[in-house]
Amino acid sequence: MATNPRIILFAILGVFLLLLPLLLSNDYFMRVATVILLYVLLASSLNVINGYSGQFNIGHAAFYCIGAYTAAILSTRYGFSFWVLLPLSGLVSALFSCLLGIPTLRLRGIYFAMTTLGFSEIIRLSVLNWTSLTRGPMGIPGIPFPNLFGMELRSNAHFYYVILGIVALMLLVTQRVLNSRIGRAWIAIREDQAAARAMGVEAFKYKLINLMLGAFWAGVAGCFYAFFASYISADSFTLDEGFSILAMVLVGGQGTLLGPVIGATFLTLLSEFFRGIAQYRLVIFGIAILLTVYLRPQGIAGSSMLFRRYRETEESGIEVEIEEVELDATHT
Amino acid sequence: MFFLQQLLNGIAQGSIYALMAIGYSIILGVVGLVSFVHGEVIMIGAFAGFYVLTFLYSNVLVALLAGFVATWALGMFIEKICYKPFRNAAREVALIATIGLSITLRSSAQIVFGTQQKFMPDMFGNRFFAVGDIRIAYTQVFVMLVVVALCIALRQLFFRTRFGIALRAVAMDKKAAALLGVNVNRTILFGNALACSLGGISGVLLGMYYNAVHPLMGATMAMKAFTSTVFGGLTSTTGAAIGGLLLGIFENLGVAFLSSGYRDIIAFLILIVVLLIKPSGLLGRKGVEL
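As you go down the protein sequences, you meet chains D and E in turn. Its first residue numbered 727, the first sequence is counted upward by one per residue in the working numbering. Its first residue numbered -17, the second sequence is counted upward by one per residue in the working numbering.
If you are wondering where the hints come from, they were derived from the structure by calculation, not from laboratory data. You may find that some hints are simply not true.
Derived coverage of chain E by chain D (criterion: at least 3 residues anywhere in the stretch with Cβ under 8 Å from a Cβ of chain D; other residues may be distant) [claimed, not checked]:
hint : stretch
1    : 74 to 88
2    : 254 to 260
Some chain E residues well away from chain D (every beta-carbon gap over 12 Å; in silico) [stated by the list, open to error]:
hint : residue
3    : F(-15)
4    : L47
5    : F140
6    : M154
7    : F232
We put the beta carbon where it would ideally sit given N, CA and C, even for glycine.
Using the sequences and the hints, build the whole thing.
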């Protein structure tokens, strides 16, 4: 019966989110709410990679970019519909994640982190230089509004419902996957890859599935963004964008479903509050990360399992205090 | 002929990368952590050099010194903020702290210095001398001289001074070094500052080489320093220097055959290839784990 209060809480939250457009008549607030949900989707998809299998991806903007450009190119040139493009952009993004993952996932954490950084830059530079496909620095304007049963989706409230549906679906799918064999394997790999392999977990296979799933949802987010903004250019997918998403995951907390949701909401609202000084947005994000590391290294709602080693060394005091055994070098 | 010219450009540029990579490998060895903030250190060094050159009308050596001093201080600051408090914590914590600091520094730099590219005054007036058909710019000669001089100085520091020996001891085993009377905290503090100031000098050299400095130059440069370090074998400073040189050469040869818009892609491709074929790098020992 312990789950009952939680179910009630989620039901209340769900009803509240569904009725939000009725409560907020202001179009600007609806836009903020939509952007928050977009970042919730992005942060949650990054959390699938960083939080659950312990692969440190810092170039998540690349997958977001691939999804957005897939959607923009296919819809403006070939007239694909929004609803077809949502999964399709995700799939293309997941395909590209294989290109990155197959050579690099065999490596340990930090190498992977650096290669994702490079990958993100490659995608951005390719988008900028491949003018015949992506129109280069001019970007792609005029992405049409999507249709639903003959109704054109164009107001912020319409987009809000679409992204709300996607986020709900994403969280549900992720939750189901995490409780399956695959999710258990990810967590085992994150905690101790050698031990997981000894237990017969095929680490590489599961890490690739993990990366592809994360990239898939980032691609979906990119597709949504392309239709929501109706104009995209390479400027929207710089390393900074990847770092913003990373900041949301780190501040909210890795390794739980709730963490990135809280982080994305908190940081997006924070940067909206300081809208007048928009150029300070990333400064705020950076300081937020630093403060989080000092006050609560696992993030606001993070999984403390990630930092178990931290607690162990603190509690048992196995680590030799370096100060205690310090001797003056000149006396020897 | 064309090939030789590209080779020369590659060596000049590669020697700057080598300097960045040596700094990076010192951090890896002494602190024992990958630093995500090194790119921003390079950028701050470049800006320190830029402002000294433009506003104080001084010569290049003063600019190099300014880059050195500014990033030495920054290095000590980084150690206090990102490494010292988390020495006994899980490795991820300090890593995340360097990411946070890197975002803060870069976006602050964009506010303070502006988002536009700034043009560094050319101290050598674009002059060059020709050997056969190959043009050797004075800037290139100067860059190479500075790097070679610094490498010799570093070698003396590592093997002839007490501080250098302490640095190597700490890089090998912190606990054993502490038991033998090395002041580990101070060594890490100054070792990191030294590594950062090498990054700062290479930032000034980069600014002179391209005649331009930019607040966002850090990320790509960090990527190149990391690639060179991996290429050479992580904690080996000699390896890092060789890796940097090779990266510079490959880049220039690559750009000669591709569009220059793809210059920054080459470092990434080399990184992947090295990691696939020989993850321990050229001069790396096995078992270095990060």
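In terms of beta carbon proximity below 8 Å, does the stretch 74 to 88 of chain E have 3 or more residues touching chain D?
-> holds (count 13)
Examine each Cβ of chain D, and state whether all of them lie more than 12 Å from the Cβ of F(-15) (chain E).
-> Holds, since 24 Å exceeds 12 Å.
Minimum Cβ-Cβ distance from F140 (chain E) to chain D exceeds 12 Å | At roughly 17 Å from the nearest Cβ of chain D, F140 (chain E) sits farther out than 12 Å, so the non-interface label holds.
Any Cβ of chain D at or closer than 12 Å to F232 (chain E), or is the non-interface label fine?
-> Non-interface label stands for F232 (chain E): nearest chain D Cβ at 15 Å, farther than 12 Å.
Would you check whether the claim that M154 (chain E) is not at the interface survives, using Cβ distances to chain D and the 12 Å cut-off?
-> The claim holds: M154 (chain E) sits with its nearest Cβ about 15 Å from chain D, beyond 12 Å.
With a C-beta cutoff of 8 Å, work out whether three or more residues of the stretch 254 to 260 of chain E approach chain D closely enough for the coverage to hold.
-> Coverage by chain D holds here, the residue count being 3 at a Cβ distance below 8 Å.
Would you check whether the claim that L47 (chain E) is not at the interface survives, using Cβ distances to chain D and the 12 Å cut-off?
-> holds, 29 Å
Of the numbered hints given earlier, the model fails none.
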